[in-house]
Amino acid sequence: MEKKRINFKFILEIFFSFFKISPLSFGGGFAMIPIMEEEVVHKKKWVKKEQIVDIFAIIQSLPGAIAVNAASLVGYQVAGIVGAIAAFLGVILPTFAIMVIFGAMLITYQHNFYVQAALQGIRPVVVAMIASAAFKMSKVSLIDKTCLAITALSIVTLLYHKSLIFVVIVSGAILGIVLVNIRIKLNRPVSLVKASERK
Amino acid sequence: MSMFESVFVAFSKLWIVIFGGGYAMLPLLQTEMKTHGWLSTSQLTDSIAVSAMAPGPIATNTAAIVGFKIDGIWGALIASIALTLPSLLVILLVGKVLGKLQEHRNFKAAFYGLRPAIIGVIIFAAINFAVSNHIIGGRNILDIKSAILMIVAFVILIRTKLHPVYLIIAAALIGILLSVI
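Protein chains in written order, with this note's numbering: chain A, 1 to 199; chain B, 200 to 380.
Here are the simulated DMTMM-like pairs of lysine to aspartate or glutamate, each with C-alpha atoms no more than 20 Å apart in a straight line:
no., chain 1, residue 1, chain 2, residue 2
1, A, K49, B, E302
2, A, K9, A, E39
3, B, K299, A, D54
Everything labelled a hint here was simulated from the structure, so no lab data went into it.
All chains should be modelled from the sequences, with the hints used to inform the complete structure.
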């Protein structure tokens, strides 16, 4: 892949690439990943297939919205700091505009009888969506009984006191490091993938 | 603190707890809404529904719409910047070493414990939203109609690949139907 010359036109192209794909992804940031791959790997040929796999692996281990992280890192790898900023703005601006319009509509109509009734029906579905996100994550990330115990412990801690969320997250990470290292010392290393997924 | 400052601080805290999708930030978001008296939980739930129906990440969508409800277009702008700017800054500052860091043994090990903790946070969010919206633990202990809707939606979401937008539309129609009969 030849190095593209980074000029204003190229930066604008990056901006519009992300500007265009961002409003096409329904169903959260994960939905944007395949669309982004299609755009930057196959259509624009800015990054190679192996590169994008690495990028997606890296951004999943960073906090923040996945789509925003992915766009910024792709922009950064393609055209440095300015590229990152262009991709970042491109990915957030369209959905921001859409949400402002939706927000204004919600405020205008929220006291309408039918809107109230509709929202009454929608709220349980929102709870189901949250629960299903946890369920889907647990299928890949709850590798063994220790993981299950950490999940149970987090729930109990949060039920006891909601404000302990940072404590829960930080101790989860520390526990991970401690447990994995103890198991290595004991010569019983933890497999970091689920038994069913081992090749 | 001015309104802008409190919105900025509240939403930049959220960034740190977003792992594996936007839902992990919900318990903290709910706490922030309560402490500042910005949005009730049912208003927050409605905002999340709209965020899930719209294109784009749930986290940034929720920040924009909640920010808008707090303080109009400026609230939306400040909340969105606070939630997304840390991502850009981290990539600009450590973008070059991220690949190496990710290969580090202890970095991987941290996620062995972090992911289950995040799952706990999301399950807690679901329980909490079910209670705050009076689906469970309300006056009648269990709001039967809502509970049925919730369980049916959950089963459809984990068993099929149906897009949540259709579920939300169907639930809206059911809600309207139940209110007129």
